[in-house]
Amino acid sequence: MVEIHRSRRELAANTVASGGSITAGALLLNWLDCFRVRWQVRPPRAEETILSHFGAIVRSEGLFQGLWLQGLAANVCASASSYALRVGAYPLLRDALVLATDGEAGEKGGHHMFVAGFASGLVGFLLSTPLWQIKTRMHAEAGVRCEATGKMLSGAAAGRAPHFLSVRHGLHRLAVEGGAFHGATPLVIRGALLSGGQQLGYDGTKTICKRQALLEDGPLLHLAASIAAAGVACTFAAPFDFLQTRYQSGRADGTQWGSLLECARAMVAEGGGLIFFRGWIPFFGRLAPLFIINLPLYERLRRLLGLGYLE
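Just add 1042 to the spot in the sequence shown (first one is 1) and you have the numbering used here.
Quick caveat, the hints were computed from the structure, so don't treat them as lab data.
Do not rely on the hints blindly, as some may be mistaken.
Okay, the calculated beta carbon distance ranges per label pair [said to hold, decoys possible]:
{"id": "1", "residue 1": "Leu1303", "residue 2": "Val1058", "range": "37 to 43 Å"}
{"id": "2", "residue 1": "Leu1347", "residue 2": "Gly1152", "range": "37 to 43 Å"}
{"id": "3", "residue 1": "Val1058", "residue 2": "Glu1189", "range": "37 to 43 Å"}
{"id": "4", "residue 1": "Leu1105", "residue 2": "Leu1141", "range": "46 to 52 Å"}
{"id": "5", "residue 1": "Leu1256", "residue 2": "Ser1301", "range": "45 to 51 Å"}
{"id": "6", "residue 1": "Leu1141", "residue 2": "Gly1201", "range": "54 to 60 Å"}
As the structure is a prediction and not an experimental result, all values here were calculated from the model.
Each residue gets a CB set at the ideal place from its N, CA and C atoms; glycine is no exception.
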């Protein structure tokens, strides 16, 4: 009974720490996530680069109106709900895997970290799919909206009304029209791979550095592990991240894809197999700052809640 109580308290405290830390990161870096999605859904142009596209948005719409405020509430809700679930449960799930496979004397390894991260990510992203769908669609259709007509004047949805005006409007529309879990397959696979890669990169880097006496468990190690986590997570999840964005955003004319396979085939026809990594640079550019803010803050919140640094 004591162990069950301890586990429940640890789970609750770790969930609070992870949810609080990711909320801060999402609030600060929503503009990067919005730009990543807008870049992914824009048809490729030979003369356009990532930087030129970013500059065009900022010049015509402004950084705050064009990127930072677009889908902000949806991003915070989706991030906080899924991250609190997957990171909150990770330490207990990882330790349970070590106990089940190697016994009480076993030590955690990379396979325990990845599987625990993958499994918790699977559940976290599945349950939060409706919120992620709203967030992705709002980012994909971001731009200047005409208040008189309700139609978008710029962005990928120019000439038509956006699907979702807010989180509340999006949840209501999904409840009435159905399709709350549209795009769940690529989202959940992408999320599980991202979560597994994150824990492998972060927990793995911390474990190696401490075992080899390279760095002590503290802010410097947390920073290095955060960067490693972003690189590993991005590499694992990038193909499904791009596929999920395209699939949930729909075709250029606003209609939905008939199937995930149809969307994937259209993407390959457009740019070949490497198109699935088209968003790697902006994806990493978004993940690295997010993890650099979020993970050290998560460690600090764990200590404040009496858990200590992640072991």
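Structure-based check of each hint:
1. Restraint check, Leu1303 to Val1058: a C-beta distance of roughly 40 Å satisfies the suggested window 37 to 43 Å.
2. Between Leu1347 and Gly1152 the beta carbons are some 27 Å apart, a value that contradicts the proposed interval 37 to 43 Å.
3. A hinted range of 37 to 43 Å holds for the C-beta pair Val1058 and Glu1189, which are about 39 Å apart.
4. Checking the proposed 46 to 52 Å range against Leu1105 and Leu1141 shows it holds: the Cβ atoms sit about 49 Å from each other.
5. In this structure the supplied range 45 to 51 Å holds for Leu1256 paired with Ser1301, their Cβ-Cβ distance being about 48 Å.
6. The hint said 54 to 60 Å for the Cβ distance between Leu1141 and Gly1201, and at roughly 58 Å that hint holds.
When each numbered hint is compared with the structure, a violation occurs for hint 2 only.
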